[in-house]
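Protein chains: 2
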Amino acid sequence: MNLPEKNTPVFNRLRFVLVETSRSGNIGAVARAMKTMGFSDLVLVNPRFADAREDPEAVAFASGAQDVLDGARIVSDIGQALEGCNFAAAVSARLREFSPPVWTPRSFAGHVHAHGDLRAAIVFGNERFGLPNQIVEQCNVLINIPANPAYSSLNLAQAAQVLAYESRMAAEPDAAPAGPVGFHGDAASLAQIDGMYAHLEQALVAIDFLDADNPKKLMPRLKRLFARTQLETEEVNILRGIANHILKAARR
Amino acid sequence: MNLPEKNTPVFNRLRFVLVETSRSGNIGAVARAMKTMGFSDLVLVNPRFADAREDPEAVAFASGAQDVLDGARIVSDIGQALEGCNFAAAVSARLREFSPPVWTPRSFAGHVHAHGDLRAAIVFGNERFGLPNQIVEQCNVLINIPANPAYSSLNLAQAAQVLAYESRMAAEPDAAPAGPVGFHGDAASLAQIDGMYAHLEQALVAIDFLDADNPKKLMPRLKRLFARTQLETEEVNILRGIANHILKAARR
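Chains A and B are the protein sequences, given in the same order.
When you line the first sequence up against the working numbering, it's residues 1 to 252, in that order.
When you line the second sequence up against the working numbering, it's residues 1001 to 1252, in that order.
With the rest of the complex left out, here is chain A:
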């Protein structure tokens, strides 16, 4: 994985990921929202229409951001969409029982700006159904846009505009960066973390702590715990080392 240089501006290390978008016009409008704030890395996971990038509605809404729309990559799962990222944020108006910590757009933007070695993704769900739990649980944080409790449903492109805007504002010299979670080493990639979870799960089954046939909420709970920490690569290695030794002990 190519991590960005320490001083890479946020504009080159923030990706927008749209999952199962129904309306091609929204994809165009997101491209425009991104470009107005200086962003260009757009990935579409299974858009409803495979030719969404060429749809006349998408082109019309993209307006002067045709280059961002043309450059959008289409992939078939969230893993591919997050390739190369070490920090992912799910945008959701809905709070869930087992969710990563909930941040505002402003705290997210401050965090990403302050940590120059993060390569971050903001993940947006379908217009009607939002994001599946399974994707939310893979993310480090959940972004909840402060809104009217009586009607909190922002249009997809409006939500993207707010996130892009806050990310730009954080990068402006005047803005006060939030910088909440401090860490020193290299942030682990999402793929490294997924591998660790699989290894850990195996170990917990081997010592009969986890019943594979009736896992209840153990793994989601552990994921929520670690999602709060922004794991470093060396920490992932330590945790895998522990899993490894547990498995050996169980086999003896």
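Hints listed in this document are in silico derivations from the structure and should not be mistaken for laboratory results.
Fair warning: this is a prediction, and the values are worked out from it, not measured in the lab.
One should not assume that every hint holds.
To spell it out: a stretch of chain A is covered by chain B in this simulated footprint if at least three of its residues, at any positions, have a beta carbon under 8 Å from a beta carbon of chain B; those stretches are [unchecked claim]:
no. : segment
1   : 33–44
2   : 58–70
3   : 152–166
4   : 206–218
Idealized CB from N, CA, C, for every residue including glycine.
Got chain A; can you put chain B on it based on the hints?
Coordinates of chain B only, in the frame set by chain A:
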């Protein structure tokens, strides 16, 4: 002119004014942007289509903000639109030779929130031509949304979303949680956490991952990891459960 009571919340004293809007869909999208942030006072100055409020595109884009769209007033000049207001801000990407002072959305929002006796209007121009100088000159301030110098043209409804969002953020600072690390359960006590570390250490020694005579930096590293998470009592119990099962497996 009826000025608001001193303590009237900003939601009841901020008006959105759209001048000569071409696309009815944009009017609907602005209504939605407003309602998601708690605003409802919408005035249309000479929209291109007199029946814009009933246009199917407007209705579709308004989504759950049909009430704001229905309640929009249509007037024929800016004077009528600003009736009852004592502070007006023109939104423009273009800076002009003779313009009022230029503010950011954030400084505008903070100012209006802080001055409870202001009844303010945000004035947005036509999608292609923006606002005529004559209207800009009538406004107290010009709001310039920080943007990509290479492409600073926000869609009308996106610009309205940014302004509505900043106005809500200024009024509801509590909406932004003090610390971005959210958790749901009881925070574990330090004694509980210390007990867990001792238990974990014992387990790691039992599976030969940790050499008690030469522990190196393993426990401090693990402590640093967990210290970042604000552990909950139930999570401490889960981790002790894991340690317990590791010890049992090692003794077998």
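Which numbered hints does this structure break?
Violated hints: none; all satisfied.
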